[in-house]
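The lines below spell out each chain.
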Amino acid sequence: MSIIKEHIIQPIKDCWSLIVGLKVTGKYFCKPLITVHYPREVIDDENLSTYGGHVELIGKPKDPAMPKCISCMMCVTNCPSKCLKLVKQKAPKLTPEQEAEKKRCEEAGEKFKKPKAPKNPAKFMYDYTLCSLCGTCIDNCPAKSLKFSNNMYWVATSRKEMNIDLLARLKEQATKLSASAPKTEAKPAAAEKEA
Amino acid sequence: MNSFMQNLIPLVIAVVGAMVWLGLNALVLVYCERKFAGHIQRRPGPFEVGPHGILQPLIDGLKLMGKQLLTPDNADGFLFWLAPILSMIPVLLLYMPIPYGPTLTGLEVNLGLLLILAFSSFNGLALILAGWGSNNKWGILGAARAVAQTVAYEIPLLLTILAITFMTGTLNLTEITNMQAGHIGNWIIWKQPLAFIVFIIAMFGETNRAPFDLAEAESELTAGFHTEYSAMGFGLFFMAEYGYMVVMCSVCSVLFLGGFQGPIPGFEGWWWMLLKTYALLFVMIWARWTYPRVRFDQLLNLNWKWLLPLATFNLLATALIIKL
Amino acid sequence: MSAYQNLDQMKGDFYTQKFEAGKQDGTLIINMGPQHPSTHGVLRIVIEVDGEYIVRAEPVLGYLHRMHEKMGETQTWGGFIPNMGRVDYGHAMAWNWAYVGAVEKLMGIEVPERAEYLRVIMTEFNRLTSHLLWWGAYILDLGAFTPIMYAFDDREMLLDILQRPSASRLTYSNFRVGGVQMDLDDKCIEMMKAFIPHFRERLPMYKDLVTDNIILRKRIEGIGIIDQDMCRRYGCTGPVVRGAGVPYDLRKDEPYSVYDRFDFDIPTQDSACSAGRYHVRVAEMEQSMRIIEQALEQLDSAEGGHIVKKAPKPSMKPPAGEAYFNVEGGRGKIGVYVVSDGTKVPYRVKLRAPGFSNLNAFAEAATGTILADAVAILGSLDLIIPEIDR
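Residue numbers (our numbering), protein chains in the order written: chain A, 787 to 981; chain B, 2 to 325; chain C, 11 to 400.
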């Protein structure tokens with residue numbers, strides 16, 4: 787009896803497993819595609835908003851072209867891959883009135899307050915070819931001035947292009963934001979009209 | 002002389018027709034395979050070249066024709082280049098006896114089935130030449146395996162065809178098709194279901210396809226017999242393989258599924274043949290993208306321990322029933 | 011000048027020469043070379059083949075050696091974490107955890123409860139991605155081209171979930187000394203809760219398409235016996251040893267973090283063959299989901315934040331001493347041993363990779379099998395070569 791089971795029934799069951807496999811692939815053949823057919827389709831924005839692309843600066847709320855960065859160099863020193871380069875701004879040259887004030891203070895024996903250098907950086911270069919996307923710079927920034935971008939569709943044809951000027955990028959984003967602002971103001975107006 | 006010329010012109014037309022059919026089939030099948038594979042895997046498949054990728058196989062063929070033909074060092078040049086040609090030419094011959102329509106037979110041969118069986122063995126010879134001529138230890142290993150597989154799977158094929166021949170009494174494919182005229186119940190598949198199953202499995206093994214494709218996609222382990230071929234050498238093997246697939250599926254649909262006969266009388270035509278052949282081809286492509294590969298010794302085991310006894314049993318049963 | 015003309019003068023490299031020294035008569039020596047069509051990585055196996063049967067096999071490592079342990083001696087304590095993501099891209103979070111756990115032990119930092127739960131959830135999700143990748147790649151090695159695409163469909167959903175707290179999709183480095191980098195937002199938790207029933211529905215499909223398939227069963231049953239004795243000799247851990255019948259899992263035997271609060275089983279199989287290891291990993295996926303479900307429920311009642319208050323900076327200076335921390339990774343027991351001499355750069359970081367011990371069992375398991383089985387055995391060991399070579 788077990789011989790019959792082993793040599794006849796079991797092979798039939800095994801062949802049935804093959805048919806079941808065909809049914810599974812046949813079922814998936816008739817289902818819609820799941821790939822995102824770039825460039826005809828793109829990844830939806832919600833998913834893309836959490837994507838961790840390269841690092842970029844965050845602008846001040848009132849002045850989007852100015853980063854929140856205070857040039858403390860925490861990101862530069864803590865980066866494991868040494869891919870950030872920051873050049874601080876120097877103190878501005880003294881204007882003629884300030885020169886006169888300085889002379890007056892020296893003669894009077896008072897201390898002259900030198901104008902301070904602005905805190906935001908003069909140059910902020912980021913070499914993406916070295917970055918390991920660890921987020922250490924983001925974590926350690928006391929001004930919370932860095933974040934991951936959503937730049938997923940970025941391609942470059944040379945190493946130089948991957949050396950991003952973060953300040954220029956921030957300025958570009960700020961101008962794009964201000965260019966699209968009037969449109970966003972128009973939308974709520976239209977919605978109010980309908981309501 | 003006159004009758005010679007009378008016979009020659011249709012023959013030439015038939016051969017040219019066979020070449021066109023082979024070429025078209027290769028193009029269509031390559032496209033179908035890649036599209037089916039894509040959709041089974043839920044991705045688009047070829048899409049960019051031409052609308053929905055229709056021109057893809059054409060451009061692939063042009064690319065293959067434009068590549069450099071390399072002969073490996075110390076390889077036997079004559080055998081090396083004879084192999085793909087030898088693989089390709091018999092396929093044209095195999096298209097001759099198959100009745101694609103009521104009047105669409107290349108060459109009506111009384112011994113059509115025998116012709117097909119005999120010349121399909123050339124594939125095995127071509128594989129050996131390819132492996133040997135490559136001067137590559139992996140190539141020889143792969144070719145030896147492929148030949149063992151092809152030779153082994155011809156036997157159940159032969160035995161099932163013999164069973165059908167016992168039933169119909171003829172080796173002429175057109176006559177077998179005509180015997181299945183009438184309604185769908187006349188098809189031979191209802192009278193020989195076991196033979197159908199054995200034939201289908203032997204078909205997979207004979208054409209080195211789907212779960213039995215050790216020679217073709219063995220690149221995970223050994224490089225296979227066609228590793229050293231570049232450009233058109235590879236292209237010819239490829240086309241020949243699709244050609245054999247189409248031949249086998251056509252023969253299967255003629256023998257079991259009624260060829261160009263429709264399901265109800267009066268509806269016969271070449272479109273039924275095409276439909277049935279392509280349905281079987283679709284099954285072959287479907288099976289390729291579903292199953293993992295069978296190990297080589299299990300492959301031969303399957304043949305010698307399962308297919309051969311089943312085919313023999315089928316033959317004896319058929320003979321017995323006919324006698325009674 | 012053809013290479014073949016110098017055939018008798020070509021000797022091969024150090025490994026080939028040593029291997030050829032023990033050659034028997036009538037055998038062929040072939041290389042399953044550093045370039046594989048399979049997806050394991052850059053691994054070279056020198057095999058002596060007699061006809062079809064493997065007489066001797068020897069893996070040659072080192073093609074992917076990137077000196078992570080040396081980088082551990084030049085990188086700051088906090089700056090070494092991205093390295094751990096690259097050591098094993100399959101289960102990067104487990105490696106992160108092992109290193110960060112060792113440093114926390116050294117510094118005596120207590121991780122807040124919520125951070126522990128977050129670590130458990132993320133690591134178990136990462137284990138799911140690792141097993142799915144293994145599954146797809148294994149079946150691809152054996153010749154079926156579609157199951158890997160179906161596995162990647164699920165894996166894409168998982169990566170979309172895991173990119174939220176870590177901003178990475180493969181090489182995670184979001185663990186920090188004292189917690190994790192980011193907390194999970196509500197949308198993320200919602201997606202996690204939605205994924206589990208979806209994946210539970212998909213598992214029967216995997217079973218129908220692949221696990222029950224007779225062709226696959228014939229390929230992996232009885233192949234590559236690595237029994238308990240062999241495991242003990244080579245130090246194999248993970249699904250390799252659980253496939254041999256030993257229920258050894260660090261999450262139950264040496265519970266770390268909050269694993270002792272969850273109720274889950276350790277799947278084992280007694281067959282010690284490739285099929286056993288296969289079934290163990292498929293069953294582990296289900297158990298991982300159980301852990302995740304329980305962790306998500308208990309997450310709301312956990313105290314603390316996602317990182318300890320006053321978390322140490324990347325340039326921290328732990329007190330001099332040594333610490334070892336081990337973690338159950340997707341491949342086995344991951345261990346990191348750190349030695350500190352009080353400066354902001356470690357003195358020594360030793361990484362114990364489970365794949366290294368598992369691979370060594372291959373040489374013995376593959377003798378006497380057919381060449382086609384070598385691929386099946388190699389796949390069932392679930393090797394990621396970067397972690398073997400480090």
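Don't read these hints as lab results, they were simulated from the structure.
Just so it is clear, CB atoms sit at the ideal spot from N, CA and C, and this is done for glycine as well.
There could be a bad hint or two in this list.
As the list claims (entries may be wrong) - Straight-line alpha carbon distances no greater than 27 Å define the calculated BS3-like cross-link-like pairs of lysine-lysine that follow:
| id | chain 1 | residue 1 | chain 2 | residue 2 |
| --- | --- | --- | --- | --- |
| 1 | C | K217 | A | K905 |
| 2 | A | K933 | C | K320 |
| 3 | C | K217 | A | K817 |
| 4 | A | K909 | A | K874 |
| 5 | A | K905 | A | K874 |
| 6 | A | K879 | A | K899 |
| 7 | A | K868 | C | K217 |
| 8 | C | K203 | C | K228 |
Stated by the list, open to error - Covered stretches of chain B, as calculated for chain C (at least 3 residues, CB under 8 Å):
| id | region |
| --- | --- |
| 9 | 37 to 47 |
| 10 | 291 to 303 |
Problem - Violations among the numbered hints, reported as their numbers in ascending order - result: 1, 7, 8
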